[in-house]
Every structure is written in structure tokens, then in C-alpha cells.
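Could you put the whole structure together from the sequences, leaning on the hints where they help?
Using the working numbering, the first residue of the sequence shown is number 105, and each one after it goes up by one.
There's no promise every hint is true.
[Said to hold, decoys possible] In silico lysine-lysine, DSS-like type, Cα no more than 27 Å apart, as pairs:
(1) Lys221 / Lys264
(2) Lys221 / Lys341
(3) Lys635 / Lys776
(4) Lys776 / Lys790
If you're looking for bench data, these hints aren't it; they were derived computationally from the structure. Bear in mind the structure is a predicted one, so any value in this text is a computation, not a measurement.
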Amino acid sequence: MRARFFYPSRGLIVIALVCMLVGSGVPVTPFVQSNFTAAASSAVLPVTPHTDALLQAAPSDESELSQGSSDFFLEMEVTPQRIRAGDPITYTYRYRNDTATTATNVRLVASWADFGKQGERTGGSAADQFCLEDPDIDPAENLFPCDVLAGSVVGPTITKEETQAATTLGFSIGDIGAGQSGEFQIVLDTNRTIYPEVDSAQLQLSGSASLFVDSAQPVAETTIAGLVVGPLFSLTKALNPESVLYPDEGMFAGEVAELIITVGNAVEDPLRADAMDATNVIVREVLPRGSEFVTPTAPTDFPFLYIPEQNEIRFFVGTVPRGQQAEIRVQFRKLNNTDDCNNLENREYLATSDEMPIAVDNLDPDANLINTIGIAGERFRVPLLLPVVITDIEATPERVQPGQQSTISISVASFYPEAITNLQLVYDIQTSGYYITETATPEPSLYPTDIQPGGRIGWTFDIDGTDDYNAPTELTFQLTISTTVQGRDTAAARFIVLEDETSVFPSACLESRNGAARVERPDSDTIDIEKTVNVEARAGNVYLLEDQGETVRFTILVDNPSNRPLVDLEILDTFPEIVGGSFDYVEGSAQPAPDEVLTTEGGGLRWRGLTIPPSTDSGPFEITYEVVVTGEEYYDFCNVVEGMLPADNQGFELRQPREVCVKINPDIEYIKEPATQAALPGEEVKFDLTLINNTNNTYTLGLVDYMLENGESVLEFVRVDSSRTYGGNPNVIPDLEEFDGTLVLWDRVTVGPGGRLDASFFAKLPDGDCPSNGIYRNQVLMDFTSPQTGNNYLVERTPPVEVEVQCINRVVEFDQRVLDTTEVGLEDLFTYEIRLRNRNGVEAMNNARVEFIMPRGFLYDSPSANGSDMADRPTIDTTRPDGRHVLTWSVPSIEASQQYLIRFVARAGQLVGTQQALLRVTDPANQWLLQCRSGSLCVPEGDLVYAASTVQVKALHTAEPRLILPGGDCLATGQNLTYQLSLVNSNQNTEYTNTTIGVTLSLGLRYTGLITDASQNAILLEPEESLGPNGETVLTWQGLVIPEATRNGSTQRDVFIGLEIGNVLEDLTTRVSVISPDGLIPLKEDVVDPGVELCDPGNQTNVLAVALEPNPAIAEPGDELVYQIELLNFNTFQLNVNARAVLPTPFSYVAMLDTSGVTAPPDQSGQQLTWNNITVPPRTGSGDDTRAGRVVILYRVLIDTATEIDQNYSSSVSITQNQAPQVELEDDRRTVNVFVTQNLESVYLPLVIR
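Put into C-alpha cells, the structure is as follows:
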């Protein structure tokens, strides 16, 4: 029978924490988790208490966190224990009524972290765990209903509640009789994309349950949490440097490159807790573009399958244990083609295994060899080398004036190991230059035959190979060009492989190169044309005339900054063509006289054949002419002058002027004022409008008010103030085309020089809320009749004459959010932010009442020290029926247009899932409108609307203990093993400080020391060692810090300790608890505390096995220790025996332990202790389930303070049998030593046992 891991039955163990008030030293009454029945004891670990609640430790023998009334029992179980992403999870819920009366109206609410309900099964669901809820799905075919699993109910009938929250499932159990129990199951699907990955956080799945009995507050709650496991593939690729000629630079097409693919599984240190062995590993390699697979000539390390039609190779690697890796070698040849000329690279190669999630639902495994998700490898490329390269094209000089010469040098280098023959280099000459005959070296085989710009020149040549990539063979080719003022300065050289080539080399990807001389045309060759008007008043490029028929003189200036004349320039000045206006040319006014006076369209002037001398001689060339301007007032009349160079352009460029405009602009003054600049919704505002005629002419005018829309909101005309308004009531026109708002028009009347029009009216702001920016704009316009044409039109001044009225709605918007995170761990600290925004731009709001409803189980901790305007603690109401805490603040003042922030630190609860907080703000004076900010999460509760925020609560920090057994058939006395505890923190926002670890080792599992070299993240702090009340060893680490997770992964810390098997016969166990004031740290979901089962001693029959074991085996004078006598009966009949123990001389008997199988004290005679008539029961069971009858005697012993040190003290036990027949005694373990020394650290930790 081999030693094997075993997991003790779920003894429901409670750890009670004795917490101390911070800084006071006064003990606080401990909170005891009271819904479990104690089966064993556990160390009490001192911790820093929470601000508002005592820290509660996890049960030490299972992965559940439970709390509630001792009257009701609730637990969860999850299967399978090792979860593959994309596989279903079954949650089992067990409950029991431990009271003496029937419980009525019993409900159970289940919740999960990252949970969702959706209409179809998609493995890429946004939720980590989900069920299917869609009326279109046939219930008979729905494997994951958002309901109880059919056939799983034990006990009372379970009914799904009709009203369900989005992130939970509620069920009605009804009545549960006294002592009655029941259970049911729910099956969830999981997201197939949540598998473990290197450089990503370890993902934990978790669920919670709450049991309610005729109340809104739960009587029991429980949470289960853990990691998703799988291979942690890392896939890399490297070039075998021995396979190509120049591995440091790359490879030539035609070479065969051997690539080494390394597939690793969790090869980083430390070994991650979510890693597992990978079986049936397949690596899929896709052929790089433009290459071919070279079939190996020798046997490969792994079988492979080449699939030409899919351009891929599949390697069957087999098993890759975690912490190990495998190497695959594959060969490719880059072909001489243009498919990917830069690199030998395949953008896809991946690894998968049977442990990876199914890639597509219901995929037939026979249809494809790979039906699980693959992990892509890191990108890798081998640069492709060109055999021959144009390395440079240089022009000397590089910059030339038109007419100057430049020598073009083209450099060519060969990196190829072999000579290249009969290759042609061609150069396409720039079109701003021409080749000068007989200047090329060496002699070209191709060149231009006439003296024209551009053309092609070429050389046919051979070039030797090289055996050093850094010392290529080089050649240089040259030619000389003469430049011109016309054409483009672009030229390029390239290779041409002639059809009769005599050498074969990879030529498909040869590259061209650009290079040319730059012909610089000086800035002095740019002709500028400018146009001016002899009018002083202007607005931008518009010149303002006061009256009709004014004569205007235009001046055209042509500036030639060069040192040579421009010949044959043409100037065209086009007059505006507009109805109601004209430019009438004044005959004979133009200097020089135009060659043509245009009479079509709007008219114009044209000058041809102008010679423009250099401006340095006589200044800019000047053209003047006059026109008489008539037309409708307030319209722009624009004319454009255009210059045209001669066909050969003579090396000149032309910069055209912008258009010039004139406007007949009578001086009529606009005035507008509001009676107030701010008003409440529904309030009336008075506006005053005035027009004043400041001209010497009489005009027909009318006042117009234009009330512009603000979104869909506009001022409402109410009435005129007749005491200040000319004429009668105005015409009010809403939504007139081309106007976004309402026009208020008074009659047009005649207004002489100096005359004015006045009007006043009242408009009302719309009722309800102010618009988004709260501003209403109001313009004054003029209704004008043109004396020239008699047309009527509205005139707006530039810039507009307008006023603004600020809407000062008494509105405060509120919302809330969780700062810096979307997920928190169990009992983590995090920050809420409440935002209050005063939308009133004038008034402050005073004494706002802020009410914040925490999620159930959440606690207020403290005000935030960062950025909060509120430093006071809130009033906390805990009387709400559902148990949620309600926080209340009074905000003294929120200033106009300002924001007020309340930030506070909260502690999350012990239930996982989406947790929602609610916020409401009220005005005790009932003068302000308080509303949830638009765009935030606003939810109704009854007749009220709250601002909400959600946060995902997850088990982000877990502990995983395990035993590492030595090799061999079984474990026996004296053999060593290793205990490993892995703490995994996937919380990127919380560092778990002051963490305390307690490990309890059953008597006989000896602690031999801390192992510090097992991992780079091993904890190096030595534990405190103490003796438990039942003789067990208690190891305690305090003050540990587990850093927050990195952005791309988790933080893991490991404890490794050495253990030795003592003189024991059966069942050694361990227990661990990990606690921190920064949050709960439960065991991983699929893990319970491990133990080790020893081989059965001696024969299976006719044997009584006897063992004596002390703890500790090393002690000091004055110490107490515990001895254990263990009796194992392998017979089918019971035995009656006497046991006699002999103590060393300085040792004295103290007392029996309460948990001893024999509780009566022994008969004492000197150093001899005798227990008479001990009944050892027979073995039970049969086959593999056979268990020996067992009796354990536990007694405490004191070492005399005068005991000599540094020597062993021997103790022994002997057995006499009181029955026939006599059985054989297995006596290898009946004598033990205790080594007494000094200066051992002794720490005693009290225990609380239920």
C-alpha cells in the first residue's frame, strides 16, 4: 500500500480571533463564527482589527467562508474541483434547520463574481460564469438554465422567484421543519477565454449564498472561491545560427533556415498556483509566406503532420509537465519570389493541449486535429538579405541653380557569397536635367541619344562575391547632367536581370533607390500681385462705402523682386456679377490703358503683353483705374484680379492676390439691452431695442428682435411695453426658414437723418429645467428697404449686436462611482466618490442632505485623505430591514457652478458578485431640484430615483497548501517531506499587509526547518513554534506583506517548510489559516488542507502495532511536552491490554489530555506509568476500505528545571496482553528520545475551541 495524499472529512472548524483595540491593549470580545460544529482546534492568530468590524478568519480546513446564526447551517460545494475554462460548473447548496421549530418563508439567494445571464451559449461571453435565459431556447435543450438543475433537489421543493436581479438568482424554499435539511444544484457555463496565461493575473471564480428566514436579513451566508487552472504555455522561436551563412544579419532567399520552437509550461519562477501539466500538446506551425517546408531527412524528436493544402505543420509533443519545456526543430527555405521580401516570418504559430478550452462548441474532434484554443507564440522573424544593393546615389553638388551641372554617383554593393554576372543597372534621369554625352563611367551600355531632359542610362556589369557580410564587393557608376528651370527633381536607379543571365541568385526582391540633384529656383523669381482701394473704412478685406454712386479707385501692384524683367504678363480684373449692383468703369481712368474692356457678365479689364521690370529699378509695376459703385446696401461686391504667366514661364512663379470687396454701408446704429442678465425658468425678462440713423439720408427701417434657440428651447414672447415702443404690436414668427429661433418684427417706417426707433418687450424663460449651457441669446436686426432697388431684407451687424440671459435653474446633479478599480477582494478597503454638481450659475445650495446606501455586508471605514471636501464621518443607520448600512451627511454649501466631492473608504463584504450602492440627495427646504446626473447609472427604488454604482467582489487573494512527497513506495518513520503554502494575490489595488499565517501540524509530523532556496519568492521569515493543547505543533508567521498584483499578472509568495515523519502509525494532517486586516484570504476553491497516509505497519493480521511519539522532540528544562502512545489492532477481534510507559528520571507526569482515547490517569510507580484494561477495537471494513482499530493515549509531561542539558533522554512503552490468543507486537516504534537543550524560543498562543 503506497503513501498517498488524502483530504480529511469536512470537520467544520472555527477560528475565533481575539482582537485588541488599536493602541489600548484592552481585549475585545471575539466574534465566533457560530454556524459550524467544532471538530478540532486551531490556533488563534493575533491581527490588527478593522475600523468598524472585527476581522474574521477563514475556516482552516475548507475553502468556504461562512457566517450567520448557529440555528441554521449553510454550505456550498463546487464540482469539478479543477475547472477548465469553458467547462460547466455545478454548485451544490446544502442547508439545515437546527432549531426545534419549523422555519417559514425560507429563501436562498445565490450570487457569483463576474456573472451574467444571456440568450445563447457563447464561449466568449463577457461574464466569467453565466446561465442561459431566453424564451426562444427549448427548456429541454437548455443545459444551463438560470434555475435549479432538474433532479438535483433533495428535501423541500425549490421554486425560482419571479422577480430576479440581473446578477443573482433567488429561490423560495418555503417551510423547513425542525432538524430538516435539503440541497439543490445550479449549473453554470464558463467563459472559454478565461484560461490561465503567462503575464496575466491568476483568475479566480467565486460564488456566494445567503439564507433568509422570514426576514430581509440573512441568517447564514457562505462563499466559495478559487482559481481557474490550466497549462501556462509560453511559445518562443529562435534561429539555429548554424543553419545559415550570416545568422547575425539574416538569411538569403534559397538558404534553408532551421528554427527552434520552444514550448514551455509554467517555466517562470515561482511556479504559479494555477498551472497544471499539459497532455497531448500540439504545436501548429504555419509556413512563412513565400517559403517551402523542408522535410527532415533524419528522425525528428516529435511526430509531425505536414498539411500542404493548409500550409502548416503540426507537431505532436505529448505531455509537457508544469515547470518544463520542449524544443521542436523545423526547416524552411525562402523561395526566390516577391512574397514578403523583408523577413522569413509566419504570423501564426500556436500551442494547445487537452487541458485548454474547446475552441468551438460541439466541434467534431474527427473533423479537425485541433479543437481547443491555442496560445499564440511570440512574434519572430529572420530578416531577408539582398544579394546586391544600391547603397547610395549622390549628386555633386547636390543643390544647383538652373543651367548648372551636377555629377551623379551611384554606389552598388554585393553581399552575396558568389559572383553575379550579366546584371544591368539603369538610372532614370530627372526631367529637370539632361545627360551630357560621354561623361558616364564606366562606359554605359544604354544612354540617351538626343539632348533632351530626362531619359535613361544603364550599365551591364559583373560583380565578385564576398565571404564577409561586413566587407561587401563595391562598384561605383557616374554620369553628369546639366539642369534646367523646368521639370521634376526626381530620379531613380534599379537593377534589371537580363534574360540571358549566366548566374543564378535570388533576384526577385532587388530594390530601387531614388536620388537626384536638386534644382533650386530662387525666391526672387516669385511675382506678387496686390490690389488696394482708396477707401479708409474697412472690415477685413471689405471696404465700406457710405452712399450710392461713390467713385472708387483700384490700384494693382505687380512686384518683381528678381534681377530680370518678366515679359508678356497678362492681367485680368473681373468685376462682380450680382443682381442689384454694378461697377461702372470710368472711361480713360486706367493707367496704363487696358487692351480690352469686358462688357459681358459683370464686366472687367484685361491687359496683355505687359513687361514687368525688376522692382529694384523703379518699384512695383502699377495699374490704376476707377469705377462708380451702385447696388443694394449692406451686400459685399467683390472683384478678382488674376495674373497669367507666358507659356515658357521664364523661370518665374506667380503668387495670386486675394479678392477685394466693397460694401455700401449706411451708418445705422444698433442698440440692445436686457433688464437683467440672469433669471429662473418661467421668469419674464424685459428687452430694449433701438435703431439710430446716423447718415444724411432718409431710409425706411423696422426693428426686429431675434430670439435664438438653445437646443430645442427658446424664449417666449409675452407682450410689449407700449410706453417705449413705436407702432403697434409686432409680428411674432417662430421657426422661420433659415432662422433657428423666433423673430419679433415691428413695422417698417421712414426714419430721417438723426432719427431713431425704440421698442421694448417682455419674454419669458421656458418652464422646467434650464438648457445644457443655460444661456439664451437675443439679437437685434434691422428690416431694411433698399432705396436703390426697393427690395426688403433683414440686416445683421458684424459682429452681431446681442445680449445673453443666463438661466439659473436651482438644480443639483449627483452621481457616484468607485475610484481606481472595478473589482475588489473579500473585505478589501476601497474608495467611493460622491459627486454633487450645482448647475445654478448664480446661487449656492445650502444644507443638502446626502444619503448613501451601502451594499449588504459593506462597512464604512473612514473619510478619504485624498481630495474629499467632506472630512466629517457620516451618521450610520443600521436599522434598515435588509441590513444595509445607510450613511448620511449634511453638506453646508455647494457654491454656484461648483462641484462638491465626498470621498470615503469602505470595506467590502464577504459575498462575491456584483454589489450595488445607492445614492440620494435631498433639500430639506424643498427649494431645489435634486436629480441623478444624466448619463450615470440611475435606478428606481420605489418612487425614488437613486444614483448607483457597482463593484465586483471577488476572492482575489487565495491560499493553496500542498505536500510534496519524496519518492519510494510509501512514507515511514524518519522520512522527510516538504509542505508548501502558495499565497496568490491577483488584486491590483490592494497590498495585503500585516498578514498572519498559522500552520498546525498533527502530533507526529515533526517540523525540521524553513526552506529558503525553493523559490525566488520564498518567504524567509522563520516561524514562531508553539505546542497546541492536543500535542500538535503550531507554526506562526506574522507581519508578512503580500504585494498587490502587477498589471500583467498576479503576485505569488510561497512558504516552504521541511517535515519529518515521527513514531506514528496513521493519519497525519495539516491545517492552515491566513488572515490580514486588508481582506480575507480563503483557501483556493479546489483545495482543502492536505494530509499524508502512511503505509500500514507489520502484517495485516495477528498484529498489534505500538508507537510512542513525543512533541516536541527538542525541549528545554522547565518545558512541558506531550507523549502519544498509539495502538493499532489489525485483527478481527478486539484486544485487551495493559500499557506501561517509562519516563526519564528528570521527567514527571502532569495530566491526561481531554482528547486522549484513555482519559483515566495512569497508576504511577516511580517513573513508571501504567494504564490497565485498555480495549483496542477490531478492524472495520473490508478490502481497500479496511481500517485498523485504533486507540491513542495522550499525556502531558514536565521536564525538571534542573535537568542536565545537551543530552538525549529516552522513554519507552511496553504492552502486556490480557486475552488469548496472544498476538504479535510490532515494536519498532516503542522507544523515543527527547533532546534537552537551552535557548530555544518558546511561544505560546492560546486556543479557542468550540
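Given pair status - Lys776, Lys635, alpha carbons within 27 Å: Between Lys635 and Lys776 the Cα gap is close to 37 Å, so the pair fails against 27 Å, i.e. violated.
Compare the distance between the alpha carbons of Lys221 and Lys264 with 27 Å, and conclude whether the hinted pair is satisfied. Roughly 15 Å separates the two Cα atoms, so the pair holds.
Tell me if the straight-line CA distance from Lys776 to Lys790 falls inside 27 Å. holds (11 Å)
Proposed proximity, Lys341 with Lys221 (alpha carbon, max 27 Å): violated (41 Å)
Of the hints listed earlier, those the structure fails to meet are numbers 2, 3, in rising order.
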